[in-house]
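Undergrad: Sequence:
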Amino acid sequence: MRLYITAAAADECLTKPKAPQKQQQQLQVARRGYRSAVVTGLLAGLLLFRAALLAVETGASLCPPATGCLGWRSGLGDWLYGGGGGDATEEFMKQWKRSHREASLLDAVVVEAAPDSLDGLMAEMDTILATYDRLDMEAVVVKIMAMLLKMDRKVKSSRIQTLFNRQLASLGIPKSMHCLALRLAEEFSVNSAARSPVPLPQYAPRLTDASRLHVALVTDNILAAAVAVASAVRSSADPSRLVFHVVTDKKSYVPMHSWFALHPVSPAVVEVKGLHQFDWRDGDAIASVMRTIDEVQKSSLDYHQLYDGAAEREFRWLEASKPSTFSLLNYLKIHLPEFFPELGRVILLDDDVVVRKDLAGLWEQDLGGNIMGAVGAHRHGADGGICIERSLGEHLNFSDPALSSLGHRGSHCAWSWGVSIVDLDAWRRTSVTQTYQLWLRKNRESAFRLWKMASLPPALIAFDGRVQAIEPSWHLPDLGWHMPDAELLQFSAVLHFSGPRKPWLEVAFPELRELWLGHLNVSDSFLRGCGVVG
1 MRLYITAAAA DECLTKPKAP QKQQQQLQVA RRGYRSAVVT GLLAGLLLFR
51 AALLAVETGA SLCPPATGCL GWRSGLGDWL YGGGGGDATE EFMKQWKRSH
101 REASLLDAVV VEAAPDSLDG LMAEMDTILA TYDRLDMEAV VVKIMAMLLK
151 MDRKVKSSRI QTLFNRQLAS LGIPKSMHCL ALRLAEEFSV NSAARSPVPL
201 PQYAPRLTDA SRLHVALVTD NILAAAVAVA SAVRSSADPS RLVFHVVTDK
251 KSYVPMHSWF ALHPVSPAVV EVKGLHQFDW RDGDAIASVM RTIDEVQKSS
301 LDYHQLYDGA AEREFRWLEA SKPSTFSLLN YLKIHLPEFF PELGRVILLD
351 DDVVVRKDLA GLWEQDLGGN IMGAVGAHRH GADGGICIER SLGEHLNFSD
401 PALSSLGHRG SHCAWSWGVS IVDLDAWRRT SVTQTYQLWL RKNRESAFRL
451 WKMASLPPAL IAFDGRVQAI EPSWHLPDLG WHMPDAELLQ FSAVLHFSGP
501 RKPWLEVAFP ELRELWLGHL NVSDSFLRGC GVVG
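Mapping of the sequence shown onto our numbering: position 267 corresponds to residue 267, and the numbering continues sequentially without gaps.
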(Lines of atoms letter the chains of each structure in order from A and count residues from 1; the text may use other names and numbers.)
(Lines give C-alpha, C1' and ligand atoms only; values in the text may rest on other atoms or scores of the structure.)
Protein backbone atom coordinates (compact mmCIF):
# COMPACT_ATOMS: atom_id res chain seq x y z
CA MET A 1 0.00 0.00 0.00
CA ARG A 2 1.26 3.46 -0.88
CA LEU A 3 0.40 6.48 1.25
CA TYR A 4 0.09 9.90 -0.32
CA ILE A 5 -0.10 13.07 1.69
CA THR A 6 -1.98 15.79 -0.15
CA ALA A 7 -2.85 19.37 0.48
CA ALA A 8 -6.55 18.52 0.37
CA ALA A 9 -6.93 19.14 4.06
CA ALA A 10 -5.69 22.61 3.55
CA ASP A 11 -7.91 23.11 0.49
CA GLU A 12 -11.12 21.93 2.10
CA CYS A 13 -11.67 24.95 4.23
CA LEU A 14 -10.45 27.39 1.61
CA THR A 15 -11.99 26.31 -1.72
CA LYS A 16 -15.74 26.51 -1.01
CA PRO A 17 -16.99 28.81 -2.38
CA LYS A 18 -14.54 30.07 -5.08
CA ALA A 19 -12.26 32.61 -3.41
CA PRO A 20 -11.18 35.95 -4.83
CA GLN A 21 -7.63 36.24 -6.29
CA LYS A 22 -6.21 37.71 -3.08
CA GLN A 23 -7.61 34.82 -1.09
CA GLN A 24 -6.18 32.34 -3.64
CA GLN A 25 -2.74 33.82 -3.07
CA GLN A 26 -3.23 33.42 0.66
CA LEU A 27 -4.34 29.83 -0.01
CA GLN A 28 -1.12 29.06 -1.92
CA VAL A 29 0.93 30.45 0.94
CA ALA A 30 -1.04 28.31 3.36
CA ARG A 31 -0.45 25.25 1.20
CA ARG A 32 3.27 25.85 1.10
CA GLY A 33 3.29 26.30 4.86
CA TYR A 34 1.34 23.10 5.27
CA ARG A 35 3.73 21.19 3.01
CA SER A 36 6.71 22.48 4.95
CA ALA A 37 5.02 21.38 8.16
CA VAL A 38 4.50 17.89 6.71
CA VAL A 39 8.18 17.63 5.75
CA THR A 40 9.28 18.89 9.15
CA GLY A 41 7.00 16.43 10.93
CA LEU A 42 8.10 13.43 8.90
CA LEU A 43 11.79 14.25 9.23
CA ALA A 44 11.77 15.23 12.89
CA GLY A 45 13.23 11.86 13.80
CA LEU A 46 16.15 12.47 11.47
CA LEU A 47 17.33 15.37 13.58
CA LEU A 48 19.05 12.81 15.76
CA PHE A 49 21.10 11.79 12.73
CA ARG A 50 22.38 15.34 12.37
CA ALA A 51 25.31 14.75 14.71
CA ALA A 52 26.28 11.56 12.87
CA LEU A 53 26.16 13.31 9.52
CA LEU A 54 28.28 16.16 10.74
CA ALA A 55 30.70 13.65 12.22
CA VAL A 56 31.04 11.92 8.86
CA GLU A 57 31.64 15.23 7.12
CA THR A 58 34.56 15.88 9.48
CA GLY A 59 35.99 12.36 9.13
CA ALA A 60 34.74 11.08 12.47
CA SER A 61 32.45 8.16 13.22
CA LEU A 62 29.66 7.80 15.75
CA CYS A 63 28.54 4.42 14.47
CA PRO A 64 29.04 1.19 16.42
CA PRO A 65 32.04 -0.66 14.96
CA ALA A 66 30.34 -4.03 14.63
CA THR A 67 26.93 -3.11 13.24
CA GLY A 68 27.69 -0.04 11.20
CA CYS A 69 25.37 2.94 10.99
CA LEU A 70 22.09 1.15 10.39
CA GLY A 71 21.52 -1.42 13.11
CA TRP A 72 20.83 1.00 15.90
CA ARG A 73 18.38 3.06 13.90
CA SER A 74 15.70 0.46 13.28
CA GLY A 75 13.85 1.16 16.52
CA LEU A 76 14.23 4.91 16.34
CA GLY A 77 10.70 5.61 15.16
CA ASP A 78 9.05 3.55 17.88
CA TRP A 79 11.23 5.22 20.47
CA LEU A 80 10.55 8.63 18.98
CA TYR A 81 6.81 8.25 18.57
CA GLY A 82 6.09 5.69 21.27
CA GLY A 83 4.55 3.30 18.71
CA GLY A 84 1.57 5.61 18.34
CA GLY A 85 0.82 8.72 16.34
CA GLY A 86 -1.39 9.37 13.37
CA ASP A 87 -1.88 7.29 10.26
CA ALA A 88 0.94 9.08 8.44
CA THR A 89 3.42 8.25 11.20
CA GLU A 90 2.35 4.59 11.36
CA GLU A 91 2.64 4.22 7.60
CA PHE A 92 5.99 5.99 7.64
CA MET A 93 7.34 3.54 10.23
CA LYS A 94 5.97 0.56 8.29
CA GLN A 95 7.68 1.70 5.15
CA TRP A 96 10.84 2.45 7.14
CA LYS A 97 11.07 -1.06 8.58
CA ARG A 98 10.42 -2.67 5.20
CA SER A 99 13.04 -0.47 3.54
CA HIS A 100 15.49 -1.27 6.31
CA ARG A 101 15.14 -4.97 5.51
CA GLU A 102 15.61 -4.26 1.81
CA ALA A 103 18.39 -1.68 2.25
CA SER A 104 21.02 -4.03 0.89
CA LEU A 105 19.01 -4.33 -2.31
CA LEU A 106 19.10 -0.63 -3.10
CA ASP A 107 20.61 0.18 -6.46
CA ALA A 108 24.12 1.60 -6.22
CA VAL A 109 23.11 4.48 -8.48
CA VAL A 110 20.25 5.38 -6.10
CA VAL A 111 22.60 5.34 -3.13
CA GLU A 112 25.20 7.44 -4.92
CA ALA A 113 22.55 10.00 -5.93
CA ALA A 114 21.25 10.33 -2.37
CA PRO A 115 21.66 13.67 -0.57
CA ASP A 116 24.89 14.19 1.37
CA SER A 117 23.30 15.96 4.30
CA LEU A 118 20.02 16.56 6.12
CA ASP A 119 19.82 20.02 4.58
CA GLY A 120 20.12 18.48 1.12
CA LEU A 121 17.37 15.97 1.90
CA MET A 122 14.98 18.66 3.14
CA ALA A 123 15.70 20.77 0.07
CA GLU A 124 14.81 17.84 -2.20
CA MET A 125 11.60 17.16 -0.29
CA ASP A 126 10.63 20.80 -0.46
CA THR A 127 11.21 20.78 -4.23
CA ILE A 128 8.98 17.70 -4.64
CA LEU A 129 6.20 19.25 -2.57
CA ALA A 130 6.42 22.46 -4.52
CA THR A 131 6.03 20.53 -7.80
CA TYR A 132 3.42 17.91 -6.91
CA ASP A 133 0.25 17.99 -4.83
CA ARG A 134 1.13 14.79 -3.03
CA LEU A 135 4.19 13.08 -1.52
CA ASP A 136 4.96 9.38 -2.14
CA MET A 137 5.86 8.06 1.31
CA GLU A 138 7.66 4.99 -0.05
CA ALA A 139 9.85 7.18 -2.25
CA VAL A 140 10.67 9.36 0.76
CA VAL A 141 11.68 6.37 2.86
CA VAL A 142 13.82 4.89 0.05
CA LYS A 143 15.57 8.22 -0.36
CA ILE A 144 16.23 8.43 3.38
CA MET A 145 17.53 4.84 3.48
CA ALA A 146 19.78 5.55 0.50
CA MET A 147 21.14 8.60 2.31
CA LEU A 148 21.90 6.52 5.43
CA LEU A 149 23.59 3.83 3.39
CA LYS A 150 25.70 6.46 1.71
CA MET A 151 26.58 7.84 5.12
CA ASP A 152 27.46 4.34 6.34
CA ARG A 153 29.83 3.86 3.42
CA LYS A 154 31.45 7.21 4.15
CA VAL A 155 32.02 6.15 7.74
CA LYS A 156 33.61 2.85 6.72
CA SER A 157 35.72 4.57 4.08
CA SER A 158 36.83 7.11 6.67
CA ARG A 159 37.82 4.34 9.08
CA ILE A 160 39.81 2.52 6.42
CA GLN A 161 41.52 5.74 5.36
CA THR A 162 42.40 6.52 8.97
CA LEU A 163 43.93 3.07 9.45
CA PHE A 164 45.80 3.38 6.16
CA ASN A 165 47.18 6.81 7.08
CA ARG A 166 48.22 5.57 10.51
CA GLN A 167 49.96 2.62 8.88
CA LEU A 168 51.83 4.90 6.50
CA ALA A 169 52.79 7.19 9.38
CA SER A 170 54.27 4.21 11.23
CA LEU A 171 56.34 3.17 8.21
CA GLY A 172 58.03 6.44 7.45
CA ILE A 173 61.36 7.63 8.79
CA PRO A 174 60.99 11.12 10.27
CA LYS A 175 62.84 13.95 8.60
CA SER A 176 64.63 14.59 11.90
CA MET A 177 66.19 11.11 11.79
CA HIS A 178 67.31 11.56 8.18
CA CYS A 179 68.82 14.88 9.22
CA LEU A 180 70.63 13.33 12.17
CA ALA A 181 72.18 10.57 10.04
CA LEU A 182 73.40 13.10 7.47
CA ARG A 183 74.80 15.47 10.10
CA LEU A 184 76.66 12.65 11.83
CA ALA A 185 78.05 11.35 8.52
CA GLU A 186 79.26 14.84 7.69
CA GLU A 187 80.83 15.15 11.12
CA PHE A 188 82.64 11.85 10.56
CA SER A 189 84.31 13.29 7.47
CA VAL A 190 85.41 16.61 8.99
CA ASN A 191 85.93 15.87 12.69
CA SER A 192 88.68 13.51 13.78
CA ALA A 193 86.92 13.01 17.13
CA ALA A 194 83.95 11.44 15.29
CA ARG A 195 86.39 9.00 13.64
CA SER A 196 88.10 7.99 16.87
CA PRO A 197 88.00 4.25 17.69
CA VAL A 198 84.85 2.93 19.35
CA PRO A 199 85.80 1.79 21.88
CA LEU A 200 89.11 3.50 22.60
CA PRO A 201 92.11 1.12 22.46
CA GLN A 202 92.55 1.03 26.24
CA TYR A 203 89.05 -0.40 26.61
CA ALA A 204 89.29 -2.98 23.81
CA PRO A 205 90.15 -5.90 26.17
CA ARG A 206 86.72 -5.49 27.77
CA LEU A 207 85.06 -6.63 24.55
CA THR A 208 85.91 -10.27 25.29
CA ASP A 209 86.15 -10.09 29.10
CA ALA A 210 83.86 -12.81 30.50
CA SER A 211 83.55 -10.93 33.81
CA ARG A 212 81.78 -8.06 32.04
CA LEU A 213 78.06 -7.88 31.26
CA HIS A 214 77.73 -7.99 27.47
CA VAL A 215 74.68 -6.47 25.75
CA ALA A 216 74.07 -6.85 21.99
CA LEU A 217 71.93 -4.65 19.73
CA VAL A 218 71.49 -5.46 16.04
CA THR A 219 70.13 -2.25 14.53
CA ASP A 220 70.46 0.53 11.97
CA ASN A 221 68.47 3.02 14.06
CA ILE A 222 70.86 5.55 15.63
CA LEU A 223 68.36 7.25 17.93
CA ALA A 224 66.89 3.97 19.14
CA ALA A 225 70.33 2.55 19.89
CA ALA A 226 71.29 5.76 21.73
CA VAL A 227 68.22 5.54 23.98
CA ALA A 228 68.58 1.80 24.65
CA VAL A 229 72.23 2.22 25.64
CA ALA A 230 71.70 5.41 27.68
CA SER A 231 68.75 3.94 29.59
CA ALA A 232 70.66 0.73 30.41
CA VAL A 233 73.63 2.73 31.70
CA ARG A 234 71.38 5.00 33.77
CA SER A 235 69.60 1.99 35.32
CA SER A 236 72.75 0.04 36.16
CA ALA A 237 74.10 -0.17 39.70
CA ASP A 238 77.58 -0.70 38.24
CA PRO A 239 77.75 0.73 34.69
CA SER A 240 81.48 0.00 34.47
CA ARG A 241 80.55 -3.69 33.99
CA LEU A 242 78.48 -2.93 30.88
CA VAL A 243 79.86 -3.61 27.40
CA PHE A 244 77.53 -2.83 24.48
CA HIS A 245 78.03 -4.47 21.10
CA VAL A 246 76.14 -2.58 18.37
CA VAL A 247 75.97 -4.47 15.08
CA THR A 248 74.75 -2.42 12.11
CA ASP A 249 74.83 -2.46 8.31
CA LYS A 250 77.31 -0.70 6.04
CA LYS A 251 74.93 2.15 5.24
CA SER A 252 74.39 3.07 8.89
CA TYR A 253 77.88 2.35 10.18
CA VAL A 254 79.40 5.83 9.70
CA PRO A 255 76.66 7.86 11.48
CA MET A 256 76.31 5.17 14.17
CA HIS A 257 80.07 5.22 14.81
CA SER A 258 80.08 9.00 14.81
CA TRP A 259 77.29 9.18 17.40
CA PHE A 260 78.94 6.89 19.95
CA ALA A 261 82.39 8.39 19.32
CA LEU A 262 81.03 11.85 20.14
CA HIS A 263 78.66 10.64 22.90
CA PRO A 264 80.61 8.18 25.10
CA VAL A 265 78.67 6.44 27.87
CA SER A 266 81.57 6.16 30.29
CA PRO A 267 82.21 4.19 32.45
CA ALA A 268 80.41 1.71 30.18
CA VAL A 269 81.96 0.74 26.84
CA VAL A 270 80.34 0.66 23.39
CA GLU A 271 81.58 -1.22 20.32
CA VAL A 272 80.11 -0.32 16.91
CA LYS A 273 80.70 -2.80 14.13
CA GLY A 274 79.33 -2.95 10.58
CA LEU A 275 78.53 -6.20 8.83
CA HIS A 276 81.32 -5.44 6.37
CA GLN A 277 83.87 -5.30 9.21
CA PHE A 278 83.50 -8.83 10.56
CA ASP A 279 86.65 -10.81 9.90
CA TRP A 280 85.31 -14.35 9.87
CA ARG A 281 88.16 -16.78 9.50
CA ASP A 282 85.72 -19.69 9.66
CA GLY A 283 84.47 -20.39 6.14
CA ASP A 284 81.41 -22.20 7.54
CA ALA A 285 80.38 -19.06 9.44
CA ILE A 286 80.55 -16.93 6.30
CA ALA A 287 78.59 -19.53 4.32
CA SER A 288 75.90 -19.70 7.00
CA VAL A 289 75.42 -15.94 7.12
CA MET A 290 75.25 -15.76 3.33
CA ARG A 291 72.59 -18.50 3.24
CA THR A 292 70.38 -16.42 5.51
CA ILE A 293 70.95 -13.25 3.48
CA ASP A 294 70.18 -15.12 0.26
CA GLU A 295 66.98 -16.63 1.66
CA VAL A 296 65.68 -13.29 2.95
CA GLN A 297 66.31 -11.71 -0.46
CA LYS A 298 64.53 -14.55 -2.26
CA SER A 299 61.61 -14.30 0.14
CA SER A 300 61.32 -10.57 -0.43
CA LEU A 301 61.25 -11.04 -4.21
CA ASP A 302 58.70 -13.88 -4.11
CA TYR A 303 56.51 -12.09 -1.58
CA HIS A 304 56.08 -9.07 -3.83
CA GLN A 305 55.37 -11.15 -6.94
CA LEU A 306 53.05 -13.73 -5.42
CA TYR A 307 49.59 -12.24 -6.09
CA ASP A 308 48.14 -10.31 -9.00
CA GLY A 309 44.92 -9.12 -7.35
CA ALA A 310 44.94 -5.39 -6.69
CA ALA A 311 43.56 -5.60 -3.13
CA GLU A 312 45.89 -8.44 -2.19
CA ARG A 313 48.82 -6.65 -3.76
CA GLU A 314 48.11 -3.46 -1.80
CA PHE A 315 47.83 -5.47 1.45
CA ARG A 316 51.12 -7.21 0.79
CA TRP A 317 52.74 -3.91 -0.09
CA LEU A 318 51.72 -2.53 3.30
CA GLU A 319 52.93 -5.66 5.07
CA ALA A 320 56.23 -5.61 3.22
CA SER A 321 56.67 -1.91 3.99
CA LYS A 322 56.89 -2.59 7.70
CA PRO A 323 60.50 -2.06 8.78
CA SER A 324 60.52 -5.44 10.52
CA THR A 325 59.21 -7.54 7.62
CA PHE A 326 62.31 -7.77 5.45
CA SER A 327 64.90 -5.96 7.55
CA LEU A 328 68.00 -8.07 7.05
CA LEU A 329 69.37 -7.15 10.47
CA ASN A 330 66.28 -8.65 12.13
CA TYR A 331 66.99 -12.02 10.53
CA LEU A 332 70.71 -11.89 11.28
CA LYS A 333 70.03 -12.14 15.02
CA ILE A 334 70.09 -15.87 14.35
CA HIS A 335 73.87 -15.52 13.84
CA LEU A 336 74.82 -14.21 17.28
CA PRO A 337 77.29 -17.11 17.80
CA GLU A 338 79.09 -16.09 14.59
CA PHE A 339 79.06 -12.40 15.51
CA PHE A 340 80.60 -13.01 18.94
CA PRO A 341 82.78 -16.14 18.72
CA GLU A 342 84.74 -15.26 21.86
CA LEU A 343 81.71 -14.64 24.10
CA GLY A 344 79.87 -17.28 26.08
CA ARG A 345 76.80 -15.27 27.08
CA VAL A 346 75.08 -12.10 25.90
CA ILE A 347 71.95 -10.11 26.63
CA LEU A 348 70.07 -9.38 23.41
CA LEU A 349 68.01 -6.17 23.28
CA ASP A 350 65.74 -4.94 20.52
CA ASP A 351 66.45 -1.34 19.59
CA ASP A 352 62.94 -0.08 20.45
CA VAL A 353 63.33 -0.54 24.21
CA VAL A 354 63.91 1.53 27.32
CA VAL A 355 65.70 -0.19 30.20
CA ARG A 356 64.32 0.72 33.63
CA LYS A 357 66.07 -1.81 35.92
CA ASP A 358 69.62 -3.10 36.39
CA LEU A 359 70.32 -5.81 33.80
CA ALA A 360 72.66 -7.65 36.18
CA GLY A 361 69.74 -9.68 37.47
CA LEU A 362 68.95 -10.88 33.96
CA TRP A 363 72.61 -11.67 33.28
CA GLU A 364 72.71 -14.00 36.27
CA GLN A 365 69.60 -15.99 35.31
CA ASP A 366 69.99 -19.77 35.46
CA LEU A 367 68.89 -21.09 32.07
CA GLY A 368 68.79 -24.71 33.15
CA GLY A 369 70.83 -25.88 30.17
CA ASN A 370 68.65 -24.02 27.67
CA ILE A 371 69.93 -21.67 24.99
CA MET A 372 67.81 -18.68 25.84
CA GLY A 373 65.85 -17.10 28.68
CA ALA A 374 62.88 -14.97 27.63
CA VAL A 375 59.56 -13.71 28.88
CA GLY A 376 56.57 -15.52 27.41
CA ALA A 377 58.20 -18.92 27.02
CA HIS A 378 55.84 -21.78 27.88
CA ARG A 379 55.79 -22.47 31.59
CA HIS A 380 53.80 -25.36 32.93
CA GLY A 381 51.49 -24.85 35.87
CA ALA A 382 48.51 -26.37 37.55
CA ASP A 383 46.25 -25.36 34.66
CA GLY A 384 48.57 -26.83 32.03
CA GLY A 385 50.20 -23.59 30.96
CA ILE A 386 50.03 -19.83 31.37
CA CYS A 387 50.79 -17.53 28.46
CA ILE A 388 52.42 -14.30 29.52
CA GLU A 389 52.44 -12.92 25.99
CA ARG A 390 51.00 -14.40 22.77
CA SER A 391 50.45 -18.03 21.87
CA LEU A 392 52.17 -19.97 19.10
CA GLY A 393 48.89 -20.05 17.19
CA GLU A 394 48.96 -16.27 16.88
CA HIS A 395 52.27 -16.48 15.00
CA LEU A 396 52.05 -19.78 13.11
CA ASN A 397 49.39 -21.32 10.87
CA PHE A 398 48.88 -24.75 12.43
CA SER A 399 46.17 -25.60 9.91
CA ASP A 400 48.97 -26.27 7.44
CA PRO A 401 50.14 -29.92 7.58
CA ALA A 402 53.79 -28.87 7.54
CA LEU A 403 53.34 -27.24 10.96
CA SER A 404 50.66 -29.50 12.44
CA SER A 405 52.94 -32.49 11.88
CA LEU A 406 55.49 -31.00 14.31
CA GLY A 407 53.25 -31.88 17.25
CA HIS A 408 53.20 -28.33 18.62
CA ARG A 409 50.02 -26.91 20.08
CA GLY A 410 48.78 -23.51 19.00
CA SER A 411 47.78 -22.79 22.59
CA HIS A 412 51.37 -23.09 23.80
CA CYS A 413 53.06 -19.85 24.69
CA ALA A 414 55.39 -17.82 22.49
CA TRP A 415 58.30 -15.65 23.54
CA SER A 416 59.51 -12.54 21.72
CA TRP A 417 62.89 -11.01 20.95
CA GLY A 418 62.45 -7.78 22.99
CA VAL A 419 64.89 -8.71 25.75
CA SER A 420 66.52 -12.08 26.32
CA ILE A 421 69.58 -13.68 27.85
CA VAL A 422 71.43 -16.04 25.49
CA ASP A 423 73.91 -18.82 26.22
CA LEU A 424 76.06 -18.74 23.08
CA ASP A 425 78.07 -21.82 24.08
CA ALA A 426 74.88 -23.89 24.38
CA TRP A 427 73.69 -22.49 21.04
CA ARG A 428 76.87 -23.57 19.26
CA ARG A 429 76.24 -27.18 20.32
CA THR A 430 72.92 -27.29 18.45
CA SER A 431 71.59 -26.95 14.90
CA VAL A 432 69.21 -24.09 15.76
CA THR A 433 70.56 -21.76 13.07
CA GLN A 434 70.24 -24.42 10.36
CA THR A 435 66.69 -25.20 11.49
CA TYR A 436 65.83 -21.50 11.30
CA GLN A 437 67.14 -21.29 7.73
CA LEU A 438 65.26 -24.45 6.75
CA TRP A 439 61.91 -23.05 7.90
CA LEU A 440 62.56 -19.71 6.23
CA ARG A 441 62.87 -21.63 2.97
CA LYS A 442 59.81 -23.79 3.68
CA ASN A 443 57.65 -20.74 4.30
CA ARG A 444 58.76 -19.19 1.02
CA GLU A 445 58.11 -22.42 -0.88
CA SER A 446 54.64 -22.67 0.71
CA ALA A 447 53.77 -19.22 -0.72
CA PHE A 448 54.00 -17.82 2.83
CA ARG A 449 51.12 -19.91 4.16
CA LEU A 450 53.00 -21.00 7.27
CA TRP A 451 53.19 -17.48 8.74
CA LYS A 452 53.14 -13.85 7.74
CA MET A 453 56.65 -12.92 6.75
CA ALA A 454 58.61 -11.98 9.88
CA SER A 455 61.79 -12.97 11.69
CA LEU A 456 60.22 -14.34 14.90
CA PRO A 457 58.03 -17.28 13.69
CA PRO A 458 60.88 -19.44 12.37
CA ALA A 459 62.78 -18.75 15.60
CA LEU A 460 59.81 -20.06 17.60
CA ILE A 461 60.19 -23.35 15.72
CA ALA A 462 63.99 -23.49 15.80
CA PHE A 463 64.30 -22.73 19.52
CA ASP A 464 61.40 -24.98 20.55
CA GLY A 465 62.17 -26.69 23.86
CA ARG A 466 65.32 -24.63 24.35
CA VAL A 467 63.92 -21.44 25.90
CA GLN A 468 63.75 -20.92 29.66
CA ALA A 469 60.84 -18.83 30.95
CA ILE A 470 61.93 -15.83 33.03
CA GLU A 471 59.95 -13.50 35.23
CA PRO A 472 57.37 -11.40 33.31
CA SER A 473 58.58 -8.22 34.99
CA TRP A 474 61.65 -8.29 32.74
CA HIS A 475 59.69 -7.41 29.62
CA LEU A 476 56.66 -5.18 28.99
CA PRO A 477 55.81 -5.43 25.25
CA ASP A 478 53.28 -3.82 22.88
CA LEU A 479 53.83 -0.20 23.91
CA GLY A 480 53.51 0.63 20.23
CA TRP A 481 49.97 -0.75 20.30
CA HIS A 482 48.40 0.52 23.50
CA MET A 483 48.99 2.33 26.77
CA PRO A 484 49.92 -0.12 29.53
CA ASP A 485 48.64 -0.29 33.06
CA ALA A 486 50.41 2.33 35.20
CA GLU A 487 51.61 -0.26 37.70
CA LEU A 488 53.11 -2.45 34.99
CA LEU A 489 54.82 0.59 33.50
CA GLN A 490 56.35 1.42 36.86
CA PHE A 491 57.64 -2.02 37.80
CA SER A 492 58.73 -3.52 34.46
CA ALA A 493 62.47 -3.78 33.84
CA VAL A 494 62.45 -3.31 30.05
CA LEU A 495 59.77 -1.38 28.17
CA HIS A 496 59.37 -2.63 24.61
CA PHE A 497 57.73 -0.37 22.02
CA SER A 498 56.70 -3.24 19.76
CA GLY A 499 53.93 -2.16 17.41
CA PRO A 500 53.48 0.63 14.86
CA ARG A 501 53.53 3.62 17.23
CA LYS A 502 57.27 3.80 17.77
CA PRO A 503 58.47 6.45 20.25
CA TRP A 504 60.47 8.34 17.61
CA LEU A 505 57.31 8.84 15.50
CA GLU A 506 54.68 11.54 15.89
CA VAL A 507 51.98 8.86 16.13
CA ALA A 508 53.47 7.55 19.39
CA PHE A 509 51.51 7.84 22.61
CA PRO A 510 52.53 11.25 24.02
CA GLU A 511 53.24 10.00 27.55
CA LEU A 512 55.39 7.11 26.30
CA ARG A 513 57.15 9.33 23.78
CA GLU A 514 58.12 11.74 26.57
CA LEU A 515 59.42 8.83 28.63
CA TRP A 516 61.57 7.71 25.70
CA LEU A 517 62.82 11.23 24.88
CA GLY A 518 63.81 11.62 28.53
CA HIS A 519 66.92 9.54 27.80
CA LEU A 520 68.20 12.01 25.20
CA ASN A 521 70.17 15.15 26.03
CA VAL A 522 67.90 18.08 25.15
CA SER A 523 70.90 20.42 24.89
CA ASP A 524 72.73 18.25 22.34
CA SER A 525 73.50 20.33 19.24
CA PHE A 526 72.85 17.47 16.81
CA LEU A 527 69.46 16.64 18.30
CA ARG A 528 68.37 20.25 18.55
CA GLY A 529 69.65 21.14 15.10
CA CYS A 530 67.62 18.33 13.52
CA GLY A 531 64.49 18.92 15.59
CA VAL A 532 64.62 15.62 17.44
CA VAL A 533 64.19 17.50 20.72
CA GLY A 534 62.66 20.94 21.20
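Rather than coming from a laboratory, the hints here were simulated on the basis of the structure.
Incorrect hints may appear among the rest.
[Stated by the list, open to error] Each computed BS3-like pair below joins lysine-lysine, with the alpha-carbon atoms no more than 25 Å apart:
#1 Lys175 / Lys298
#2 Lys175 / Lys143
#3 Lys452 / Lys442
#4 Lys143 / Lys156
#5 Lys298 / Lys156
#6 Lys251 / Lys273
#7 Lys251 / Lys298
[Said to hold, decoys possible] Label-pair restraints from in silico Cβ distances:
#8 Glu364 / Ala447: 39 to 49 Å
#9 His412 / Asp366: 43 to 53 Å
#10 His412 / Ser300: 21 to 31 Å
#11 Glu506 / Ser473: 22 to 32 Å
#12 Glu506 / Ala447: 28 to 38 Å
#13 Ala193 / Gly518: 48 to 58 Å
Even glycine gets a Cβ: it sits at the ideal position worked out from N, Cα and C.
Undergrad: Indicate, hint by hint, whether the structure satisfies it.
TA: Checked hints:
Restraint check for Lys175 and Lys298: not satisfied, since their Cα atoms lie roughly 31 Å apart, outside the 25 Å limit. Proximity of Lys175 to Lys143 is assessed by CA-CA distance (about 48 Å); at most 25 Å being required, the pair is judged violated. For the given pair, Lys452 sits about 13 Å from Lys442 by alpha-carbon distance, which is consistent with the 25 Å threshold. Restraint check: the Cα-Cα separation between Lys143 and Lys156 comes to about 20 Å, which is no more than 25 Å; the hinted pair holds.
For the hint linking Lys298 to Lys156, the alpha-carbon distance of about 37 Å lies beyond 25 Å, and the restraint is violated. In summary, the hint linking Lys251 to Lys273 is supported, as the alpha carbons are separated by about 12 Å, within the 25 Å threshold. Our distance criterion of 25 Å between C-alpha atoms is met by Lys251 and Lys298, whose separation comes to about 21 Å. Our hint of 39 to 49 Å for Glu364 and Ala447 holds, since their Cβ atoms are close to 45 Å apart.
For the hinted restraint 43 to 53 Å between His412 and Asp366, the CB-CB distance of approximately 22 Å leaves it violated. A hinted range of 21 to 31 Å for the beta carbons of His412 and Ser300 is consistent with their spacing of about 29 Å. For Glu506 and Ser473, the Cβ-Cβ distance of about 30 Å falls inside the hinted range of 22 to 32 Å, so the restraint holds. For the hinted restraint 28 to 38 Å between Glu506 and Ala447, the CB-CB distance of approximately 36 Å keeps it satisfied.
Hint check: Ala193 to Gly518, Cβ distance near 26 Å, so the stated range 48 to 58 Å is violated.
Hints 1, 2, 5, 9 and 13, counting from the list given before, are not met by this structure.
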